[in-house]
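Q: Fit chain B to the given chain A structure using the hints.
Okay, here's what each chain looks like letter by letter:
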Amino acid sequence: MALELVGLARLSRTAELNSEAIDACRRGERQALDDVFRAAMPALHRLLVRLAGPGPDADDLLATTLVAAMEAFPRFRGEASIEHWLACIATRVAYRHFRHAKPRRHASLELLREVSEPKDEKPLPERAAINRQRLERAYHHLGRIRPKNRIAFLLFSVEGRSIEEIAALMDASTMAVKSRIFLARRQLMTHASKDPVLSEMMARDIP
Amino acid sequence: MIHAGCLPTELLLDRRSPELSVSERSRVQQHLAGCERCRREHRLVLALSALTDQRIESQVVPAAYDRILAEARSRYARGEASAGAALAESRQPRVLTFALGGALACAAVALIFVFAGVRGPKPIASSSSKTSTGATVASQQRDQLIHGELRDGVEILKGGAAIPEGRELGPAGPFVVELAHARLEVAQAKSLSWSARTRVATLLEGVAVVEVDPALRRSFGVLTANFLVNVLGTQFRVDQDTVTVSRGRVQVLARDSLQLLAELGPGQSFTYQAKAAALEAVVPESPGPKGVEPGEEVKGTGPGGEVKGTLPASELLARARRQLSGGQPKQARADIAAALLVTSNRGEQAVAHMLIGDCALVEGNAREAVKKYLEVSRRFSDLAVAETALFSAARIESNSGRKPAARELLQSYLLRYPAGQFRKDADERLRVLEAP
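Residue numbers (the working numbering), protein chains in the order written: chain A, 1 to 207; chain B, 1001 to 1436.
One chain only, chain A, in its complex shape:
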């Protein structure tokens, strides 16, 4: 969290106080782009992990976001802050990814360790394993929800953004955002109620 704040503070300084840096980015100067991207990456990465869920997709989406930003920087008008502009791009990248991605048939293997890594002989705490399974099930069901509704829901309930912010990010009206969140929640609840892992979680508070 602290890193994220530092990143955003650096980003704001770069974006608002140093218009020369922005001009350099528009000209495509590598150092300036690197500075802006490095400051923005923690926040963007968190956003994309929240949208895409656990797994390797977030890294790919982050790289795609940066590629689109590199291309579009000459047309950055400076009317919005850089972080908002980059978040808009990241949201659209995630949306396009969801639209074209096939639903995952299996849970991710991200916790599988490299064999060459040093081994921890202690078994993983049971609770962590259960929570991981819950999260995977939740994102599995989220994957069945329409991408627009899913993104609005995740931005609202997991990322903690306001309706107005989401409307700006998704280029939609506030009413549209509200109905998307509503529909996503209804659908998620329908799926979750039939899922034994999530049903159990909903029956009592998680530890």
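Treat the hints loosely; a few may be bogus.
[Said to hold, decoys possible] Which residues of chain B face chain A? A few of them, derived with a C-beta cut under 7 Å, are: (1) C1035; (2) R1040; (3) E1041; (4) L1044; (5) L1048; (6) S1049; (7) L1051; (8) T1052; (9) I1068; (10) A1070; (11) E1071; (12) R1075; (13) Y1076; (14) I1146; (15) L1361.
[Stated by the list, open to error] If you want the ones that stay clear, here's a sample from chain B, every Cβ over 10 Å from chain A, calculated: (16) A1072; (17) V1176; (18) P1312; (19) N1345; (20) L1414.
Hints listed in this document are in silico derivations from the structure and should not be mistaken for laboratory results.
Virtual Cβ for every residue (Gly too), placed ideally from N, Cα, C.
A: For chain B alone, coordinates are given in the frame of chain A:
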């Protein structure tokens, strides 16, 4: 689910609680105390948020940012940007969109009528080709031999002849060609082949001076036996081991992994040293783009490879598989590298990486094979090949007698694929491992 009598959506979310007034918070608490459905939903949202935050702490690793930034730069240089440019643009107002759409549709209909009436049916053969970025360019008109002679099988191509795509051409001496928006002056080459789709010229042996028109802002690549030189608009000299830039900027990428090896500016050169397994960049005194640190590991396939990159990836992979079963991992690796270069299909990429693991296995490097299989199972976890990859890794560890690693991998396999095709084998191996 919100139902009749429930509170508005916003009020039910925990994240908003600090922003709620005392009366609103009281309303939420009272409602949650009495409404089981809202309570369940509230718990679900709360848990999702908390669990995602936990997950983020372990997944978001600042050390990975350098790699991601380098990958983004590489993809941008390869011309993937234009496909993603629209992502940064605001959507046009709907009225304007409809108006523009209507006007375009009318224009398209009018054009169809005009062409149908004036020119008759469209000929099957077209002079245009589809580029990797989706833009259609009339590249065939410019893919021609300007000077010298080239052999295409038994046919001899002379000045003014079109350069056929995907054919291995043998030069009879120095020659000059124009390919897409680039001009190549080549001496002592053994062969040249050209892919208009990827805009990559593959050069086996010899030296080429390449001049790429920067006005089009499209990438152009020269693939040697050791590396890929990727440019937007520049002039440079390239042979199998060295790139020297006269004007503009070039990127040098590893042939198999497409990892960025060096980015060069005017007056800079890059040398590939296969025998020492090290790279050296000769950088002039003036500050310029980053060179390559000496001693960096080479991931190229080494000199002497056959010309690749012009066949479809599926054919290259099939050939690699045949070579592998014939006990020729080195040749197979070259084909796999070429396939990775031309494909953007994730399925083919997954198969290619699996085959790299197979190559390591044939070469006797089990550790490397396991590493590669695990990489496949993680990167392509949504594809069927991930199952085979994970079990292959488990089987190698089991056969090698590394019991803890084998046990862990087999358990992971059974957990992830409880009805998988290797379930019985995995069960059996696990039973043997766990036997006293």
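Q: I'd like to know which numbered hints this structure contradicts. Please list them from smallest to largest.
A: Checked against the structure, the hints that fail are numbers 1, 10, 14, 15 and 16, while the rest are satisfied.
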